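J.: Chain by chain, the residues run as shown.
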Amino acid sequence: MNAPDIATFSPAIGEILHLHAHQGYLGQDQLLPVLHAIQDRIGFIPPESVEGLAQSFNVSRAEVHGVITFYHYFKTSPPARCTVQICRAEACQSMGGDALLAHAEQGLGCGLHAHTADNAFALEPVYCLGHCATAPAIMINDAIHAKVTPARFDKLIGKVKELA
Amino acid sequence: MSVRIYVPADSAALALGADEVASAIAREAALRGVAIDLVRNGTRGLLYLEPLVEVETAAGRVGFGNVDESDVAALFDAGFQNGEGSHPLALGLVEQIPYLARQTRLTFARSGITDPLSLDDYQQHGGYRGLRKAVAMTPADIVASVTASGLRGRGGAAFPTGIKWNTVLRAQAAQKYIVCNADEGDSGTFADRIVMESDPFVLIEGMTIAGLAVGATHGYIYVRSEYPHAIAALNHAIGTATRAGLLGPDVAGSGRAFILEVRKGAGAYICGEETALLESIEGKRGVVRAKPPLPALAGLFGQPTVINNVLSLASVPIILDKGAQFYQDFGMGRSRGTLPVQLAGNIKNGGLIELAFGATLREILYDYGGGSASGRPIKTVQVGGPLGAYLPESQWDTPLDYEAFASLWAVLGHGGIVVHDDSADMAKLARYAMEFCAVESCGKCTPCRIGSTRGVEVIDKIRKGSEGSERTQQVILLRSLCDTMLNGSLCAMGGMTPYPVLSALNHYPEDFGQSAVDTRAA
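Residue numbers (this note's numbering), protein chains in the order written: chain X, 1 to 164; chain R, 165 to 686.
Read the hints as simulated data drawn from the structure, not as lab findings.
Below, computed lysine-lysine pairings styled on BS3-like, alpha-carbon distance capped at 30 angstroms:
no. : chain 1 : residue 1 : chain 2 : residue 2
1   : R       : K608      : X       : K75
2   : R       : K625      : R       : K608
3   : X       : K75       : R       : K448
4   : R       : K428      : R       : K455
5   : X       : K75       : X       : K155
6   : R       : K297      : R       : K486
7   : X       : K147      : X       : K159
8   : X       : K161      : X       : K75
9   : R       : K608      : R       : K428
10  : X       : K75       : R       : K428
11  : R       : K592      : R       : K625
12  : R       : K592      : R       : K512
13  : R       : K448      : R       : K428
14  : X       : K159      : R       : K512
15  : R       : K512      : X       : K155
16  : X       : K147      : X       : K75
17  : R       : K428      : X       : K147
18  : R       : K512      : X       : K147
19  : R       : K448      : R       : K608
20  : R       : K455      : R       : K608
21  : X       : K75       : X       : K159
22  : X       : K161      : X       : K147
23  : R       : K592      : X       : K147
24  : R       : K592      : R       : K628
Keep in mind the model is a prediction, meaning the values are calculated, not measured.
With these hints in hand, go ahead and build the complete structure from the sequences.
T.: What follows is the structure in structure tokens.
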């Protein structure tokens, strides 16, 4: 998929920068809140926006790029319509997390860190959702689900497909 | 008169369908013409029973566990709205369930009882009494009280909280900060999440008291992005407290200011390390800082900063309210007060168990946990998160106490316990520990950045089953690598990854293709 031109996003990013400035000044401590706001609005952080962000914060492009790429949460390409995160941490492993992941990969037809050919689903690892007593846990977009068996996984994905 | 019904809105319950249950109850009640007052409470921490629906009766709150929306009509048929206990899901009075009745709830006194977002509810259940006392005290007296309580950092390092506060109090600066480390990334831990979702005002009150104690006027709560419900609850509660004059330019009429804001993390485990967290709030990569200087002297934006875990700060209000001696009277040795144990993984009854220090792992695993979820024998438990040691059955009679764990070359950490049954492959778990370190290392120091990757490779060679002496060579290499990481890393990420790796190797050599004798020789 071709990334849309940065001009499409500029007004939204400009608005976000304006909202986070304090008396016309953007301190670097606002960089993470700004990146979150951009990703919340657009779905990802367009690499083309790095230069403008660097100018606005008066830091180097390398600094902005470095911050974006350090954090696993920030995406730099358009996300799939539905992101499925499967917890890979120890508590979920102890309750069949590996088998659940294998089931998800097979059912969705894509591996970890990848998305389906039609971009309907992306499969990502996550390291702990804080639901370790009711493992295994997954997150489908913003909704958390616990005690997820392969059968329950299929039911949840079926609901997403129904709504699509 | 309407009957009050509680359905938790903590994400632990939401993840198991609590919203659907709440809607079904409202729908069914309307259909049957039953007047109800539906309250969305927090979680009691009895996570194995979620969604745990409670009905208020003259005798107390009656519970119904593991309720599914499909059960709701039958519950009404059985008269659950009148507190009748004939339905199979009925549990009787919630406060008499042994799992809960045998706990000592101090930090979690209100969790699951109140509506987390109601300031009135919070204050009717003892909330803000600690702050009101603090307002009448000198900063030095507040710090002395926290010191006398014996409270130690609940994030894992167990550093005495009062000593940290005193350093910040005595530092001279125009601006000081209170930072709450809510980047709870350890697998098997969820107590911070429950505080934030089920009783957010207690954290806000604790941070406000910290601000008054050290002369800080600005606080930050750094919450991980994996906790959207906690972020929403905190923002809501901060707004309510500000409107009530409990935060802002004049805290509770003290004439002193304290403002609070939530900062959202972005999926970096290392930001749970305090100096990486400070870097992240400053808008940088979460790279660990060398210490000294201590954050207490040169922390956020270079200013004196108290940085504490959620549970440490949430324990402060009750210490101020009931006095240092009250808190100090719980516990053993130098571990005073209570530890919120988080029991997770392959366990029948997982949840939050707040107890005075001193209970044994075996009591937690069997008396509370009821054994493994799979019904198979428990093989190992990992205590203290992904950087904590694996403990074999021979060590399960150890009391939960910081020093007792240290003497076993293990850590109590944040109180998280992850249980594995006998299907666990310890070499695979050791490999995972190295792999996790490789994924999450900030990259600043070589032992952690490179050592973790080499560690994965070495364990792969051991697991591939190379023969006899070659495998023994690899085990020697792994031990040497762990020694470098232990002694040469800048922070606990690289410095403690050897805990799970070496404890797995030492206690379960057969999973690495070693006989016990081989390992000792290595």
